[in-house]
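Chains as they are written, first to last, in our numbering: chain W, -1 to 467; chain Y, 28 to 232.
Treat the hints as calculated values from the structure; they're not laboratory data. Any given hint could turn out to be false.
Said to hold, decoys possible - According to the in silico footprint, chain W covers these stretches of chain Y (three or more CB under 8 Å from chain W):
#1 56 to 67
#2 135 to 147
#3 157 to 166
Stated by the list, open to error - Under 7 Å between C-beta atoms, here's a sample of chain Y residues computed to sit facing chain W:
#4 84
#5 86
#6 89
#7 128
#8 131
#9 189
#10 193
#11 203
#12 207
#13 210
#14 224
#15 225
Bear in mind that the values here come from a model prediction, so they are computed numbers and not experimental data. Ideal Cβ placement from N, Cα and C applies to all residues, glycine included.
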Amino acid sequence: MLWACILLPQLAMDGVLRHRSDADAPLALLGGSPQRRVLQAVNPAARALGLRPGQSLTAAQALTRTFATADYDVAAIERWQRFLAAWAYAFSAQVSLHYPRCLLLEVQSSLRLFGPWPHFEARLRAELTGLGFRHRITAAPTPAAARVLANAYDGLTIPDSALLHETLGRLPVERLGLPREVAAALTRMGLHSLSQLLALPRDSLARRFSADVLAHLDTLLGNRPLALDFYRPPDVFDARIELNFEVESHQALLFPLRRLTADLAAYLAGRDCGVQHFTLYLEHRNQTASRMPVGLLSAEREAAMLFELPRGRLEYLQLPAPVLAIRLEALELPAFTPEHRQLFDERPQQSLSWEQLRERLRTRLGDNAVQSLGARADHRPEHAWVEQPTELSLPPCGPRPGWLLAEPLSLRESSLRILAGPERIESGWWDGGDVRRDYYVVETRAGQRGWAFRKVGDGGPLLLHGWFA
Amino acid sequence: MSSVLALNSLLDARRVWRGQVSFSPSAAQSTGHAGLDATLPGGGWPDSALSEILVAAAGIGELRLLWPTLARLTAAGERVVLVGPPHLPYPQAWLAAGVDLRQLVIVHAQERDALWAAEQCLRSGSCGAVLCWPQQADDRALRRLQVAAESGQTLAFAYRPLEEAINPSPAALRLALETRPAQIRVLKCRGGLAPARTIPAAGWQ
């Protein structure tokens, strides 16, 4: 196993600088209570002015006033670390946030895909620089050793444990990640490097220091495993794009929408799941956001399709006010089962799968426009069908027409010929839909065959209920 | 020899046809009615094309004409789409005719949307047959359906009132269902002269 440690020494500052156009201007991050603001981090330009972390804001302002300030936001640091973990998840399945301001990656199993470690490392560095985060990268056979080496080195790679012993042995005790008082005690004992420490009998170390110290040394050298919590990407997708100007037309929303849906598709592919419902929020100034839910009949994850659906609905949406930001939220991400495809498709030019076609029809015609048909074992014509396909064997019945009229029509025709009947249908006394009818097969003068009924005990005209088409 | 081959290929493509009706019983899209198959030049429905069924009135056998075809397609796992049917299909009757309802899809749409939906279904190539009931379809709309059926290699059926018989149509096959007497008249068929004789009800009901 080879573990890479990416140490992010300036995570808070880099996170703030990402959003500022003047990255070289002096900037200090402030923490502490409102009464006593303390500089937590400064960028190089501010450091050149003499500002140091730990100074109080008043002291800093006494030195110079030409620096900008921002809040040292702990939640933001957390967020940036998770953001980077999501980024690192593309390179390794085992990404851990075990140490603060630091990412641990198991890279041995990714070497085949991303090339030998020097190439891989160069790529990680290039991407981190592109994202705007300063970093130090080291690699070692154990995660704890990689972390400790990152304290002292940048770009160091230790391929095996023999070399690891040697390198760690030269490391001063202050850099070993031991508690400060332990390191001080060791120095006072005249022990300056790890090799000296390891040369001591183990039981005397155990007697002088707490058990944590030995445990830490064992984890460093790989004699004791380090239990790591691995990063898992979140179970919901929630992305937001703030528009640079107020958008009033649908056309201008399509570009950010395409980016959001492409992100969603990439995310779904990475998690190997699909999406069945998602919601688009169009945010306005001083108004609640317009909400546009998009539902699919089954879980899908194809980028083109995920874009096509909200696009179709967006055209029908009335915008109450200009749009400032657009947000896509997908809370349920069910498993995605790809459709089985034949290697030799019978229709080679089949351009659209049935699922895509169905969604396209539903988008334009409405959610309920596409329906199936199923039979129910009920003699009443009104209750003999459902909108879902059913699997049941039906009891035998008399002749039934191919078309059923939604509303019975009265047949005012003198020359009706009755071909068959009556067939009594009497049912439904238990559910309120009581029906007592005599059905006849009739033929009109024009030769049309219909299915008509008369209520039992009612002498009125026949009511047409279907056509034997 | 080569000229004979060329002529055969022309005949096969049905760009040139012989004067007398020659019917091949091996056509892929049999109507399921022997009498009708014998009359149609391809021995069945023209494949990947629009067939127009002109109906004098409702309830004269317009569904019985298609049920064997739909039963065959759904049994083979092909999807059949009804775009904007005029009434509700009675499941028991369709099941009795052998149609597998699991493969049947109903699309509720009116007028222009119905034409659009039918065209989309035809063009997608994911359906076995598409039935539609255009009310105000002009020549252009029907031509679109015909082209869509060709590009999606799908059977298309359009039910229209019998009054439309006088207007020309780009459909590959036009059948008129008449009531008194109950018979089918072939108004137009690609690949042959429209047979003069009509098919009595006994031949297809």
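The hints, checked one at a time:
Given a C-beta distance limit of less than 8 Å, the hint that chain W covers the segment 56 to 67 of chain Y is violated, as 0 residues qualify and 3 are needed. Coverage of the segment 135 to 147 of chain Y by chain W holds in this model, with 6 residues showing a Cβ closer than 8 Å to a Cβ of that chain against a need of three. Judged by the Cβ-Cβ criterion of 8 Å, the segment 157 to 166 of chain Y is not covered by chain W as claimed, because only 0 of its residues qualify and three are needed. Interface hint status for residue 84(Y): upheld, as the beta-carbon distance to the closest one in chain W is roughly 5 Å, under 7 Å.
Taking 7 Å as the C-beta contact cut-off toward chain W, the hint placing residue 86(Y) at the interface holds, the least distance being around 3 Å. Contact between residue 89(Y) and chain W, as hinted, is supported at the beta carbon level, the nearest pair being about 5 Å apart and thus within 7 Å. The beta carbon of residue 128(Y) comes within 5 Å of a beta carbon in chain W, closer than 7 Å, and the hint placing it at the interface holds. Hint status for residue 131(Y) relative to chain W: holds, with the closest Cβ pair at about 6 Å, below 7 Å.
Given the 7 Å rule on beta carbons, the hint for residue 189(Y) is violated: about 11 Å separates it from the nearest Cβ of chain W. For residue 193(Y), the shortest C-beta to C-beta distance to chain W is roughly 20 Å, which exceeds 7 Å, and the interface hint is violated. Contact between residue 203(Y) and chain W, as hinted, is not supported at the beta carbon level, the nearest pair being about 14 Å apart and thus beyond 7 Å. Taken as an interface hint, residue 207(Y) checks out: its beta carbon lies about 6 Å from the nearest beta carbon of chain W, inside 7 Å.
Annotation: interface hint on residue 210(Y) violated; nearest CB of chain W at approximately 11 Å, more than 7 Å. The restraint placing residue 224(Y) at the interface with chain W is violated, with a minimum CB-CB distance near 20 Å, outside the 7 Å limit. About 15 Å separates the beta-carbon of residue 225(Y) from the nearest beta-carbon of chain W, more than 7 Å, and the hint is not met.
Violated hints, listed in ascending order, are 1, 3, 9, 10, 11, 13, 14, 15; each of the other numbered hints is respected by the structure.
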